[in-house]
Structures are given as structure tokens and as C-alpha cells.
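We have chain A; now place chain B onto it with these hints.
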Amino acid sequence: MSSFDVKTVAALSRLELTPEEEAAYQKDLDAILGYVEKMAELDIADVEPTARAVEMDNVFREDVKGESIDRDIVMKNAPANVDDELFRVPVVIDEGGA
Amino acid sequence: MGKNVVPEKFVSIAELSKKLVAGEITSVEICQSYIDACNATEADVKAFRVLDAEKILADAKASDARRAAGNALSAYDGVPIGIKDNISVTGEACGCASKILEGYEAPYDATVITKLKAAGFVCFGRLNMDEFAMGSSTENSAYDKTTNPWNTDCVPGGSSGGSAAAVAAGFCPATLGSDTGGSIRQPANFCGVVGLKPTYGRVSRFGLVAFASSLDQIGPLTVTVEDAAVLLDVLIGCDKMDSTTIPNQEGGFAAALSEETAPKKIGVPMSYIENEGLDADVKAATLKAIEQLKADGHEIVEVELPHADYAIAAYYVIATAEASTNLARFEGVRYGNRAQSNDLLEMYTKTRENGFGAEVKRRILLGTFVLSSGYYDAYYLKAQKVRTLIKQDFEKAFEKCDVILTPVTPSTSFEFGSVKDPLQMYLSDIYTISVNLAGNCAISVPNGEASNGMPIGLQFIGPILGEKELLQTAHIFEGLQKEAK
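Going line by line, the protein sequences match chains A and B. Counting in this note's numbering, the final residue of the first sequence is number 381, and the numbers go up one at a time with none missing. Counting in this note's numbering, the final residue of the second sequence is number 1281, and the numbers go up one at a time with none missing.
Derived from the structure by calculation, the hints contain no laboratory data. Computed from a predicted model, the values in this text were never measured in an experiment. Fair warning: there could be bad hints in the mix.
With a straight-line cut-off of 20 Å between C-alpha atoms, the simulated PhoX-like cross-links for lysine-lysine are [to be verified]:
no., chain 1, residue 1, chain 2, residue 2
1, A, K348, B, K1036
2, B, K1216, B, K941
3, B, K913, B, K851
4, A, K290, B, K1146
5, B, K814, B, K857
6, B, K913, B, K1061
7, B, K1187, A, K321
8, B, K941, A, K310
9, B, K1090, B, K1079
10, A, K290, A, K310
11, B, K1181, A, K321
12, B, K895, A, K359
13, B, K1061, B, K1192
14, B, K911, B, K1036
Only chain A is shown next, with the shape it has when bound in the complex (with noise of 0.2 Å):
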């Protein structure tokens, strides 16, 4: 067994399981993190981390305006807005009583 719990990482992955999902994946995941546990056989208390494959440095640029992509073309993406300007989602702050 890990100590991988199904229904924590789903709720931080904003995952929304059916039981039958979540004892599948908690099998899977301990068999993936029991294969993963490999890498303890290795000491590498001293070993640079590597980020990316190929250095690089920072890359800057002038702090200048861009093209954008016009919002008529964004809008026409979006599952649900507000006078082809907005997005709509649910309420977000709850005003009580409404």
C-alpha cells in the first residue's frame, strides 16, 4: 500500500469520482507508486535536480503592447457568456438571501 488516498487527491484534482472509479485508481496508483518506489534504490542525497533537459537562461523582452487575439473569436470558444463579452459562470460570492 502507498500512501496515496483516492478521495483526497481527487478533491484536490478537482475530480468528481464514482466509487467504482475510486477503488480503481486507488489500485492502480498503489501499484504505480509501489513500481515508482524504485528510485529509493539509488543515493542521490547529492545529485543536482534537473528542471529542463537543455540549459537556458531567462528569456526578456521589452514590456511592450502585443497583438491579441480578437474577443469575438475568444467568445465564440466559450460554453456560456454575457453579451458576447463575459464569460457566464455560476454564482461565485454568495450574497445571502437571494
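Quick look at chain B alone, frame taken from chain A:
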């Protein structure tokens, strides 16, 4: 019984270009012949998510008009190229074979598409893939199961399964794929075509839907090594839209193939070949390739990659960690499918539950876990350290050789549904995955057929920015294969 729908003859984009330039054929004629080929056997192969013949022919017509007016954009103006469903083309679907992006149309061109269009290439359909490029068989597509044109009972490999199958079935002369852990090379190998993963940072990832940003690279799938070199020349370059692209790159890969070169020094990690999981036919073909290259005057040297056994463990921590972060953007607010709910959090969780397939959820869970509080050091940091060791293994090996030769996969293509355990599926990427961790370039080239009639591939790996030597070696090997026939 599965069908074999591989055509007898393939035409390379280099040949198509010559005919276009000589005025022997038009782009409309070329595109129509590929559309006809799709009409004949696409029902068996199911390589495409979308194929809009009308749009393709309109683009081809525009290309012919340019050429007729003496304004051809390049020698390749009018050549069709299929695009994997995770690379953005303005106004076309870009669904990553996922339900969560149903109905989404890309609002801009990926940089690779801008470059292809600037050279006059005609975008030829959207190719099926494993959902969000997560998988090794294209069985994880939320839509059709693409088949292997050599035997339609078998998988085409993945995640660029549609890209490989389309070339192998003669549906288009070349395609673009993406490779995060072998997703170009493994399907190319399963379908008997050429697949190139460039050095990390060679090709802009702008407009490629991100899976694991430190590992992803776009590359071509083609019928010849020369075509891969031609397309690499078009695709490379520093891009202000992708700060991980390498500055001051030099091309000339296609031209370098005809250069006189000294015999190559080819490194062979014997541990890869002595691996007991390696299929007997694949092993025999790999050993034969080594003998062919030796007989042609190239030097074979033994190299060691001692941390290769740890690559899959490190990869599945790093790739899923990055994926869980990248896929957080799919919540139903700005694009794609949304589940209805009056509660914001429930809208997110239901949208993701309904929109993502099983393997994508599995990887999001794994990635979220390894990044979560209290586990970061045990998993993510450790994996990054293993990544350092793997990178150093390659650096040491390349002190002794120009390129490294290995099998691409432990076996040939397998039948649908035959690999059910997710961990077993991950382990099939053993020969390709370490290349992405180290950032090297690598290519899969056809290396004969197994006794079951399925294609075998051979992988050459080059150092960082070592594409010139890599492509030259692959080109030499391709020539030896032709002679041997």
C-alpha cells in the same frame, strides 16, 4: 482477421516537390489522389478525427494559383501534411481526441503551422491520438480506435497513432506528431514509417496543447529520412512565443544528407539488447542492423546507460506532475464542454469528470499526488535527480560515439485490448522515454518485419542538437536496408 491496407508504393514529399516544380502535377491533383486513398480505406484505418476535403482542395487550388503566377512560396508549396489533433490550426478543431474539447476551434496557428503555411504546405486533416497524448496505442482516444494499416486487428501505437497510420496507409505523404515519451517514434515503429523527435527546444511548442512541458516536442512522421530532414529544416527555430526554444539554430539537414561523411561511430548499449523482455524477432533485427552497419565500415562501440532502468519511474512522476498542472486549465469556463451546475466548484468537478477519459484522470491523480504537500521531496524532487543521472549517462556515452543505436520498443504492435494493465503499458516505453528526460534527438526508422508480418523499427539517438549526424546515420541505414532488399 485483420486486413492489410498498406499501399504498394509510397511517394515522398521530396518527389512530390520535384513534380510540382517541374509542372508535372498540380497540388489539386496530389490532394485529390490522397483524398481518394482516404475514401478507399479510411473506414478500416480511422486515422482522422476530421478530414475536410473541400477546405483541403480550396487550399490546394490557392497553391496552384500561386505557382502558376510564379509566386510559389517554396519548392514544397502545395504538398499536403496531416496534423495531430493537439496542434492548433486557425479555425480548425483542436480536440486532443478528448470530449472536454468537443466543439473547440483553435483561434490561432501554432508556430509550426505558421512555418508550414509560409512554405505553402497544405494542412490535411486532424489526426487521431491518445487523449491529450497520454497513451501508447491510441486506444485512449475518446473517439474511434485507429487501426494499424499492416493488420487492422492491431494498434497503430501512440500517442501519435493517427499520424503514423495515415502515412502507413498512404493517406498523406507526411504528418506532424508530438513526442513526450516516445509518442512519435513508437507509432512510427509500429506502422513501419520514419518518426523524428527533435532535440528539446529545436521546435517551438507554441500552439501545441501542453502535456508535459519539459518533455514535449513536435516532430515529423514520413516515408523517408530525407523527408524528415526536409520538414525539420522548415520547423526549427527560436520563437518569441516559446521561451524554451534554442536561439541561433542552423538548418541545412536535408542538404547534409548528400555530404561525403567519415564512417560513423555508433554506440550500442548492450544492456538494452540483452534485456529479457525484448522480443526475439526485434532482437535479431537489431543485431542484424548492427552487422549491416559494421559491414558498411562504421565503427560499433559499446556504451553504458546505467540508470536506464530508472527512467520510467522518473518519467511517470515528472510527466504526470506537469500534466496535472497543465490540465488544470480545463474547467469548462473559457472553452470546451461544460457540465451544468448552479455551484461553481461542482461545475468544475463535473465538467472534468465527464470530459476526461480514464487514463487522463489516472495521470492527473498521480501528478497531483506527487506534487502535493508532504510528498514533493519523496517523488518529484527525487525524479528530477534521477533525471540528472540519466542526462549524465547520455553525455558520457556521447563522448565515445556520434549516435546511439537501440530498439524502439520491446515488441512489435499488439492486438487491441491485449495490454490492460496501465503499468504494463507504461513499461513498453522503456527504450524511448529516457531520450525525452535527457532532451536528446532520436529517430525511428523501419528495420524489416517480424515473423508475424508486423514492422520492426530501429532507433538512433543523437546528442543535444545532434540532428545532422543523427539524420545522416539514419539515411545511411535506410540505404543499406534498400540494398539488402
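Hint by hint, here is what the structure shows:
no.: 1; hint: A:K348 <-> B:K1036; in the structure: holds (14 Å)
no.: 2; hint: B:K1216 <-> B:K941; in the structure: holds (15 Å)
no.: 3; hint: B:K913 <-> B:K851; in the structure: holds (14 Å)
no.: 4; hint: A:K290 <-> B:K1146; in the structure: holds (15 Å)
no.: 5; hint: B:K814 <-> B:K857; in the structure: holds (18 Å)
no.: 6; hint: B:K913 <-> B:K1061; in the structure: violated (38 Å)
no.: 7; hint: B:K1187 <-> A:K321; in the structure: holds (18 Å)
no.: 8; hint: B:K941 <-> A:K310; in the structure: violated (26 Å)
no.: 9; hint: B:K1090 <-> B:K1079; in the structure: holds (17 Å)
no.: 10; hint: A:K290 <-> A:K310; in the structure: holds (13 Å)
no.: 11; hint: B:K1181 <-> A:K321; in the structure: holds (13 Å)
no.: 12; hint: B:K895 <-> A:K359; in the structure: holds (18 Å)
no.: 13; hint: B:K1061 <-> B:K1192; in the structure: holds (14 Å)
no.: 14; hint: B:K911 <-> B:K1036; in the structure: holds (14 Å)
Of the numbered hints given earlier, the model fails hints 6, 8; all others are met.
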